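The listed protein sequences derive, respectively, from chains V, C and S.
When we follow the working numbering, the leftmost residue of the first sequence carries the number 1, and every step to the right adds one.
When we follow the working numbering, the leftmost residue of the second sequence carries the number 1, and every step to the right adds one.
When we follow the working numbering, the leftmost residue of the third sequence carries the number 1, and every step to the right adds one.
Careful: at least some of the hints might be erroneous.
Pairs involving identical chains hold if they fit within one copy or between any two copies, as the list cannot separate such chains.
Claimed, not checked - Think about it this way: if two alpha-carbon atoms lie no more than 25 angstroms apart in a straight line, the pair counts; the simulated SDA-like pairs of lysine to any residue are: (1) LYS90 / ILE38; (2) LYS118 / GLN32; (3) LYS79 / ASP59; (4) LYS68 / GLU47; (5) LYS118 / ILE46; (6) LYS68 / GLU87; (7) LYS128 / MET1; (8) LYS13 / LYS99; (9) LYS127 / ILE46; (10) LYS118 / ALA23; (11) LYS78 / HIS123; (12) LYS127 / ALA94; (13) LYS68 / ILE46; (14) LYS13 / LYS128; (15) LYS99 / TYR117; (16) LYS78 / ALA31; (17) LYS99 / HIS119.
For the record, the hints were derived by calculation from the structure and aren't laboratory data.
Quantities reported herein were computed from a predicted structural model and do not represent experimental measurements.
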Amino acid sequence: MPHLTIEYTSNIKAEARIPELLANANQILIAQNGLFPIGGIRSRAIELTDYCIADNQADYAFVHCNLKIGAGRTDADKKRVCDHLFEALKDHFAALFAKRYLALSLELNEFSESGTYKHNNIHARFKKP
Amino acid sequence: MPHLTIEYTSNIKAEARIPELLANANQILIAQNGLFPIGGIRSRAIELTDYCIADNQADYAFVHCNLKIGAGRTDADKKRVCDHLFEALKDHFAALFAKRYLALSLELNEFSESGTYKHNNIHARFKKP
Amino acid sequence: MPHLTIEYTSNIKAEARIPELLANANQILIAQNGLFPIGGIRSRAIELTDYCIADNQADYAFVHCNLKIGAGRTDADKKRVCDHLFEALKDHFAALFAKRYLALSLELNEFSESGTYKHNNIHARFKKP
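Same shape as in the complex, but just chain V (with noise of 0.2 angstroms):
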């Protein structure tokens, strides 16, 4: 945790830079003082090659996101977050939105705290001595 989901429709792949856009995402993530444990960041993006939006009538286009986070962080935390993301998000495809239809989304969602099992040895690159 946390965990980003990023869906994007495949009209805009030669266009979204999909690795850059991942890589700034954990950046701000990982900037968060210590919000979230380094090891635990995980980004990943997937292409929609099936799609339909709105009424269809024209060439459409969506990057819609999902952050999944333990719960237990305040929501000014959650808010600084999302904020910086969106932000990042907006930046990231401005060239594209000024000149296409586009659709950017990003929703917040908290795992229970209750049921969720972690086996993960990439914290222990980030553990300080």
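Please arrange chains C and S on chain V, whose structure you already have, making use of the hints.
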């Protein structure tokens, strides 16, 4: 919003007519007397190539739909929309259901009010003057 | 229901033995003394080709599982199922975990009672006469 995600197993790909299924779903969501802004409707299908169903001893298939909408609609509105979508799903796959193992399902979820961000230039196309 | 979704990063694809992992998961879900109807068990794996983990500075990998079940099981039943699944996940990836960066995780979620629709002819196969 709303977001519809349709997962289907690849063993029915040739007969699933996915573009038609997605377009029909959007038409149903549009036809709800303005319950959903047209410019926010987004459907997608995900083909599952790695799956295991039940005891794995026959050529089982499934189609699972997740409709996620903004919070605040009435229970009656939500039921009507889901009833329509599920009837359309059953109609769409009726011939297939009659001749092979197939599980159809639909779940409804709501976005949390607080944690959702949007930036969408498709809405403008559908604004009344 | 239940639905199991296993995401895994493509850098472990060659060693992940996904069909075996899914089949084992189904066997665990079937072996819960009738807690889950066999005909409703559906597992799938999603290969992630675009991902970014932690600081992106090593060849990190992850496997994330989401088990979603109908509401109404006891906490003890849910814990037992998840314990079994997660032990199986750790066993399955033990050799890989011992030699490379890898994060394994499992989350449990429940379907809302109200918003779920089903139409399934697989159940009939498992009906007791």
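Right, here's what the structure says about each hint:
1. LYS90 / ILE38: Close inside one copy (24 angstroms) and across copies (22 angstroms); limit 25 angstroms.
2. LYS118 / GLN32: both (22 angstroms within a copy, 22 angstroms between copies)
3. LYS79 / ASP59: neither (32 angstroms within a copy, 31 angstroms between copies)
4. LYS68 / GLU47: both (19 angstroms within a copy, 19 angstroms between copies)
5. LYS118 / ILE46: both (23 angstroms within a copy, 19 angstroms between copies)
6. LYS68 / GLU87: both (18 angstroms within a copy, 23 angstroms between copies)
7. LYS128 / MET1: This pair counts as within: shortest intra-copy Cα distance 19 angstroms, inter-copy 42 angstroms.
8. LYS13 / LYS99: within (15 angstroms within a copy, 34 angstroms between copies)
9. LYS127 / ILE46: neither (31 angstroms within a copy, 30 angstroms between copies)
10. LYS118 / ALA23: Both: 23 angstroms inside a copy, 21 angstroms across copies.
11. LYS78 / HIS123: within (22 angstroms within a copy, 27 angstroms between copies)
12. LYS127 / ALA94: between (37 angstroms within a copy, 22 angstroms between copies)
13. LYS68 / ILE46: Classified as both: same-chain Cα gap 16 angstroms, cross-chain 18 angstroms, threshold 25 angstroms.
14. LYS13 / LYS128: Neither: 39 angstroms inside a copy, 31 angstroms across copies.
15. LYS99 / TYR117: Result: close only across copies, 21 angstroms inter versus 44 angstroms intra.
16. LYS78 / ALA31: within (13 angstroms within a copy, 36 angstroms between copies)
17. LYS99 / HIS119: Answer is between; shortest inter-copy Cα gap is 14 angstroms, intra-copy 45 angstroms.
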